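Engineer: Take a look at the letters that make up each chain.
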Amino acid sequence: MSVVFILLAMRSISRTALRDIALVCVADAIVGASFGAIAVSGGFDPWVPVVMSLIVFAGGAQFAAIGILMGGGGAVAAVATGLILNARLLPFGFAVADVVGNRLPGVHLITDETVAFALKGAGPRERHDYFWTSGLALFAAWNASVVAGALAGAAIGDVGALGLDAAFPAVLVALIMPALADRGVRVPVLTGGVIALAASTVLPAGLPVLLSLLGLLARPKEA
Amino acid sequence: MDMPIAAIVALAAGTLAFRLAGPLLRGRVRLPPRLEALLSTAALVLLFALVVTSSSGGWARPAGVVVAGALALRRAPFPVIVIGAAATTALLRLIGVP
Numbered sequence: 001m002s003v004v005f006i007l008l009a010m011r012s013i014s015r016t017a018l019r020d021i022a023l024v025c026v027a028d029a030i031v032g033a034s035f036g037a038i039a040v041s042g043g044f045d046p047w048v049p050v051v052m053s054l055i056v057f058a059g060g061a062q063f064a065a066i067g068i069l070m071g072g073g074g075a076v077a078a079v080a081t082g083l084i085l086n087a088r089l090l091p092f093g094f095a096v097a098d099v100v101g102n103r104l105p106g107v108h109l110i111t112d113e114t115v116a117f118a119l120k121g122a123g124p125r126e127r128h129d130y131f132w133t134s135g136l137a138l139f140a141a142w143n144a145s146v147v148a149g150a151l152a153g154a155a156i157g158d159v160g161a162l163g164l165d166a167a168f169p170a171v172l173v174a175l176i177m178p179a180l181a182d183r184g185v186r187v188p189v190l191t192g193g194v195i196a197l198a199a200s201t202v203l204p205a206g207l208p209v210l211l212s213l214l215g216l217l218a219r220p221k222e223a
Numbered sequence: 001m002d003m004p005i006a007a008i009v010a011l012a013a014g015t016l017a018f019r020l021a022g023p024l025l026r027g028r029v030r031l032p033p034r035l036e037a038l039l040s041t042a043a044l045v046l047l048f049a050l051v052v053t054s055s056s057g058g059w060a061r062p063a064g065v066v067v068a069g070a071l072a073l074r075r076a077p078f079p080v081i082v083i084g085a086a087a088t089t090a091l092l093r094l095i096g097v098p
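If you read the sequences in order, they're chains Z and X.
For the record, in the first sequence the residue sitting at position 55 is 55 according to my numbering, with numbers rising by one throughout.
For the record, in the second sequence the residue sitting at position 45 is 45 according to my numbering, with numbers rising by one throughout.
Calculated directly from the structure, the hints in this document are not laboratory data.
Keep in mind that this is a model prediction, so the values were computed, not measured.
Note that beta-carbon positions come from the ideal geometry of N, C-alpha and C, so glycine has one too.
Certain hints may be false.
[As the list claims (entries may be wrong)] A short, non-exhaustive set of chain Z residues, derived as facing chain X with CB atoms under 10 Å:
hint: 1; residue: S14
hint: 2; residue: L23
hint: 3; residue: Q62
hint: 4; residue: L69
hint: 5; residue: V96
hint: 6; residue: A97
hint: 7; residue: G106
hint: 8; residue: E126
hint: 9; residue: L164
hint: 10; residue: D165
hint: 11; residue: A166
hint: 12; residue: V171
hint: 13; residue: A174
hint: 14; residue: I176
hint: 15; residue: G193
hint: 16; residue: L214
Let the sequences and hints guide you as you build the complete structure.
Structural biologist: Right under this line is the structure:
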C-alpha cells in the first residue's frame with residue numbers, strides 16, 4: 001500500500017502526534033459510518049453517500065446536503081448550504097498553501113482537522129508531514145467508514161437506536177468548543193444559534209443555517 | 001430519495017474551487033487579517049447553527065448533544081465526546097424517551 005509507505009517515510013512525526021491523528025481518525029470513522037448509515041436509511045442509494053464522500057470530502061457539508069434533502073428541501077438549497085459551509089476552506093487554503101502544493105491530491109485533503117494538525121507543526125518540514133499524514137489517514141478512514149456505514153445502514157435500517165444521529169452535532173461541538181473561549185467569537189456564535197433555532201420553527205430546512213450569519217452583527221467591538 | 005448526480009458534482013466542484021483558491025493565489029493576493037478573522041468567525045457561526053438545527057426534534061438527540069457540550073467543556077478527548085453523545089441518546093431511546 002502506497003499510503004503505508006508514505007506514512008513510514010515521514011520520520012519527523014512524533015509518537016504523540018501519530019496517536020492524536022489515530023484518535024481523530026477513529027472519531028471521524030464513527031461519524032463517517034453514521035453518515036453512510038443515515039443516508040441509506042433515509043432512502044438514498046448506497047452509491048450516493050460513497051461517491052459524495054470521495055469527491056466532496058467535507059463531513060459538515062455532506063451531512064447538511066443530505067439532511068436538507070431528507071427534510072424535504074430541494075437540491076439547490078442542499079448544494080448552496082453545503083457550499084456556504086465550505087466557504088471556510090478558502091481561508092484554510094491560504095493558511096496551509098505552503099505545505100499543500102497547488103495541485104489536486106494536496107488541496108483535496110484540506111479539511112478542518114488537517115489544517116488544525118498542519119498548524120501544530122513547528123517548522124515547514126513538520127507542518128508538511130503533519131498535513132499529509134493526517135490528510136491521507138483521514139481520507140482513508142473517512143471513505144472506508146462511509147462504505148461500511150452505507151452497507152450496514154441498509155441491513156440495520158434504524159441507526160436511531162444506536163444514537164448515531166447525535167454523533168455529527170457532537171463532533172461539531174467538539175471542534176468549535178475551544179474557539180468559544182474568545183468572547184469575540186462566542187457572542188456571534190451563540191446569537192446565530194438562537195436565530196437559527198427560532199427561524200427553524202417557520203422556515204424550510206437550509207435557510208435557518210444561512211440566517212445564523214446575522215449573528216455576526218452582534219460581534220463585540222474590538223478593544 | 002432523489003439526489004441528482006449533478007448536485008453532488010456541483011457541490012464537489014464548488015468545494016474544490018474554495019480549496020484551490022488559496023494555494024493558487026498565494027504570493028499574489030493576501031487577505032486582510034480582519035477579513036480572515038471574519039471568515040473564520042462566520043464558519044464557526046454556521047457550524048453552531050448546524051449543531052442547533054440538526055439537534056432539534058425529540059428529547060434524546062438534544063440531550064446527547066448537551067452531554068457532548070459538557071464533555072467538550074471539560075476537555076474530554078474527541079472519541080469520548082462523540083461516543084458519550086451517541087450513548088446518551090441511545091440509552092434514552094432504550095428507556096422510551098423519543
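Engineer: State for each hint whether it applies.
Structural biologist: Do the hints match the structure? See the list:
no.: 1; hint: S14; in the structure: violated, 17 Å
no.: 2; hint: L23; in the structure: holds, 6 Å
no.: 3; hint: Q62; in the structure: holds, 8 Å
no.: 4; hint: L69; in the structure: holds, 6 Å
no.: 5; hint: V96; in the structure: holds, 8 Å
no.: 6; hint: A97; in the structure: holds, 4 Å
no.: 7; hint: G106; in the structure: holds, 7 Å
no.: 8; hint: E126; in the structure: violated, 19 Å
no.: 9; hint: L164; in the structure: holds, 6 Å
no.: 10; hint: D165; in the structure: holds, 6 Å
no.: 11; hint: A166; in the structure: holds, 3 Å
no.: 12; hint: V171; in the structure: holds, 6 Å
no.: 13; hint: A174; in the structure: holds, 4 Å
no.: 14; hint: I176; in the structure: holds, 5 Å
no.: 15; hint: G193; in the structure: holds, 5 Å
no.: 16; hint: L214; in the structure: holds, 9 Å
Checked against the numbered hints given earlier, this structure breaks hints 1 and 8; the rest are met.
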